[in-house]
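Student: Sequence:
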Amino acid sequence: MPSSQAIHSADVFSRRGKFSHLPCKLNVKQSVETVQLWAKIKNTRTTTTTAFATPNENDEGERSGSHACSGEQVFVPLENNYSSNYLDEEAAGSLPESGSGVFQMAEHSVNLASLLDKLKALHLHVLASEQWNASRLKLCHKNYVESAKNLIHYLALKCLDIEPLKYDLALISLLNLEMVNSSVLASLTTCIELLENLQLNSSRTGKDVSAGISTQGKLYHQTNGNFTINTMRMKACLNQELLLGPLQGSRCTHIMTTVGEEALESETLIADLIKAGTSIIRINCAHGSPESWSEIIRRVKRSSQMLEAPCRILMDLAGPKLRTDNLKPGPCVVKVSAKKNATGKVTFPAQVWLSHKGAGAPPPHLSPDAVLFIDDENFFTVVKVGDTLRFFDARGKKRMLKISRVFHVFSGTGFMAECTRTAYVSSGTELYIKRKKDRLPVGQVVDVPPRESSIRLRVGDLLIISRDSTCGEDNSYGHASGAYRITCSSGYLFDAVKPGERIAFDDGKIWGVIKGTTISEIVVSITHAGLRGTKLGSQKSINIPDSNIRFKGVTSKDLVDLEFVKSHADMVGVSFIRDTRDIIVLRQELEERKLQNLGIVLKIETKSGFEKLPLLLLEAMKSSNPLGVMIARGDLAVECGWERLADIQEEILSFCSAAHIPVIWATQVLESLVKSRVPTRAEITDAASGRKASCVMLNKGRHIVEAISTLDNILNLNSRQMKAEVKSLVPSSHLV
Numbered sequence: 001m002p003s004s005q006a007i008h009s010a011d012v013f014s015r016r017g018k019f020s021h022l023p024c025k026l027n028v029k030q031s032v033e034t035v036q037l038w039a040k041i042k043n044t045r046t047t048t049t050t051a052f053a054t055p056n057e058n059d060e061g062e063r064s065g066s067h068a069c070s071g072e073q074v075f076v077p078l079e080n081n082y083s084s085n086y087l088d089e090e091a092a093g094s095l096p097e098s099g100s101g102v103f104q105m106a107e108h109s110v111n112l113a114s115l116l117d118k119l120k121a122l123h124l125h126v127l128a129s130e131q132w133n134a135s136r137l138k139l140c141h142k143n144y145v146e147s148a149k150n151l152i153h154y155l156a157l158k159c160l161d162i163e164p165l166k167y168d169l170a171l172i173s174l175l176n177l178e179m180v181n182s183s184v185l186a187s188l189t190t191c192i193e194l195l196e197n198l199q200l201n202s203s204r205t206g207k208d209v210s211a212g213i214s215t216q217g218k219l220y221h222q223t224n225g226n227f228t229i230n231t232m233r234m235k236a237c238l239n240q241e242l243l244l245g246p247l248q249g250s251r252c253t254h255i256m257t258t259v260g261e262e263a264l265e266s267e268t269l270i271a272d273l274i275k276a277g278t279s280i281i282r283i284n285c286a287h288g289s290p291e292s293w294s295e296i297i298r299r300v301k302r303s304s305q306m307l308e309a310p311c312r313i314l315m316d317l318a319g320p321k322l323r324t325d326n327l328k329p330g331p332c333v334v335k336v337s338a339k340k341n342a343t344g345k346v347t348f349p350a351q352v353w354l355s356h357k358g359a360g361a362p363p364p365h366l367s368p369d370a371v372l373f374i375d376d377e378n379f380f381t382v383v384k385v386g387d388t389l390r391f392f393d394a395r396g397k398k399r400m401l402k403i404s405r406v407f408h409v410f411s412g413t414g415f416m417a418e419c420t421r422t423a424y425v426s427s428g429t430e431l432y433i434k435r436k437k438d439r440l441p442v443g444q445v446v447d448v449p450p451r452e453s454s455i456r457l458r459v460g461d462l463l464i465i466s467r468d469s470t471c472g473e474d475n476s477y478g479h480a481s482g483a484y485r486i487t488c489s490s491g492y493l494f495d496a497v498k499p500g501e502r503i504a505f506d507d508g509k510i511w512g513v514i515k516g517t518t519i520s521e522i523v524v525s526i527t528h529a530g531l532r533g534t535k536l537g538s539q540k541s542i543n544i545p546d547s548n549i550r551f552k553g554v555t556s557k558d559l560v561d562l563e564f565v566k567s568h569a570d571m572v573g574v575s576f577i578r579d580t581r582d583i584i585v586l587r588q589e590l591e592e593r594k595l596q597n598l599g600i601v602l603k604i605e606t607k608s609g610f611e612k613l614p615l616l617l618l619e620a621m622k623s624s625n626p627l628g629v630m631i632a633r634g635d636l637a638v639e640c641g642w643e644r645l646a647d648i649q650e651e652i653l654s655f656c657s658a659a660h661i662p663v664i665w666a667t668q669v670l671e672s673l674v675k676s677r678v679p680t681r682a683e684i685t686d687a688a689s690g691r692k693a694s695c696v697m698l699n700k701g702r703h704i705v706e707a708i709s710t711l712d713n714i715l716n717l718n719s720r721q722m723k724a725e726v727k728s729l730v731p732s733s734h735l736v
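So the sequence shown is residues 1 to 736, counted in UniProt numbering.
Note that these hints are calculated values from the structure, not bench results.
A few of these clues could be false.
Unchecked claim - Subject to a maximum C-alpha distance of 25 angstroms in a straight line, what follows is the list of computed DSS-like cross-link-like pairs (lysine-lysine): (1) Lys384 x Lys398; (2) Lys540 x Lys552; (3) Lys340 x Lys275.
As the list claims (entries may be wrong) - Label-pair ranges, simulated between beta-carbon atoms: (4) His141 x Asn230: 19 to 27 angstroms; (5) Leu200 x Pro310: 45 to 53 angstroms; (6) Asn230 x Lys166: 19 to 27 angstroms; (7) Gly491 x Asn341: 16 to 24 angstroms; (8) Val145 x Met179: 21 to 29 angstroms; (9) Leu139 x Cys252: 31 to 39 angstroms; (10) Glu178 x Phe348: 49 to 57 angstroms.
Every residue gets a Cβ at the ideal spot worked out from N, C-alpha and C, and that includes glycine.
Can you make the complete structure from the sequences, with help from the hints?
Tutor: And the structure:
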């Protein structure tokens, strides 16, 4: 065995089966072991000899002239190809098919020795990857050093094709390599020691082929106590608690709820969210104002204190997301329509909530079809249950509202009325009660909000995206110029796209192809939309997955919002992270503001962010801030492809598990339940899959409180309750 060797380079197989020459001048003044591995490249076999440095007894092997990792180079290849082939099946010689169980396997000492050799090679490969990235790991904050090393170990494990080894280990029921993410080195070492003991206890072997590994295993426990399985699990739990807070009661997963200005319409909504199971409130800085954010946070803190239920605040920086600008506001009118059957007969009248402007929103248990505010306070003293209110709608049609119920709400009185005919009610509409000789005015409708504007796009339509928000607003509603027109104020879009590239709107509901570009306009031909067309409205997302667009990681608006986040939030969400430069800029801004304790949530919603996730985590681990990752599945699916989303989210969970970083499972969770009160079966199983994460996020909606209660039950269902039905099948003396 060579000693005092200078390792100048190493040949490592990339995941696509090509050689990747990684320079590294590492002088190792200690013993060096060599392991010969089989590799498969395009169905041909070749061998490679990899050298690994083994620590001496005091773990004081000197290293000099160590090559510092620069840029975004890392020891383990990060190409996203799932058909990697490293070790040939012959290199991981399978265990004999005859017989079963550990004892029969022990009879084949040669195979046990082969299995030990393979595990030893894998173990040394993992250690070598750590040494190769020593300079990168030294830059990590002390709170994350062990987690960063385990992430490197996991990447080293992942870059090899270990399927034959998994099969061999499964035959003797010893180790599942799919489950070792959070403690790679400790799991491998424990497995090696168990195999050594099994081999030593075998009665049919007279040769100890694993003495070297045994010595190494003992040395491992002496010098690497921080890498025990239990320590790694505790590290993951600690990181989760530092970012998201402690779990309450018997809950296993946090629930995060997005709220906006609509939460201010009800005095009880925030409290109801926390009662239902919310432990984190999310505010999106892309919407609203500091004034509304302050009021939301005030209500969160008040409700949390009253209910004695901790609730943290996450504020998402808007980031450089491309969105459509606001369209010209629609008319200030609300449509009231009853439910009808196939023959047009009314089956259920429309429910209309009537209250004074200052009374706020209706109680959360009510679901009115429309809300009308009345300006005259005398209305609530004159009107009583059973009265019929008459009015002329915006079209001049005579319509009626019959008062059915009265409610005493938090700050006043409200009525629920029924309407059996379709009506369009606008601000200024007079309500009156008809008497025998005349009619008695009782109030006027006020503050009807403008209808949300949109354009309906169909396949084959042309859409012009303009940089100038003053151009062509009148064309937003039709084909006056032969094309629909919207605006986008972001100059990044116009500087990056080229004819022939794809473009998507509103989280992929609408797709098109760019036909032409100028300095100020982009012409798009719509290629995908609903059969009857799909609406595109204000502030909807724009994605250009084929373009190599360059954003600023932290925008000027983000820096302004960060000043607010600094004194009001527990965590900050960083949107559209693409590479390590975005992390560096963020860290500099946080250090400048002395925000070492502010939690950081990296939102993975771009293809680049996903492909560089290990590098992003290692870069973020250079600071002491609590760290987490959000799987933003909306933009991620558009950027990477719908069919890949399931694999991508599992990949992100695996990376974060190895790094002991908590994950937030987000986007369209129980969306049908939130919006229409009826979930789909697929949504229920998707929500249950959220148990793999540390937190599951729900977006705002009409039935959000009910959705939170449902999600809380799904995430924290006690599986032990289901075992009660089968207890009768087992003798009571055997029950624990």
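Student: Identify every previously stated hint that the structure contradicts and give their numbers, smallest first.
Tutor: Per hint list: 3 and 7 violated.
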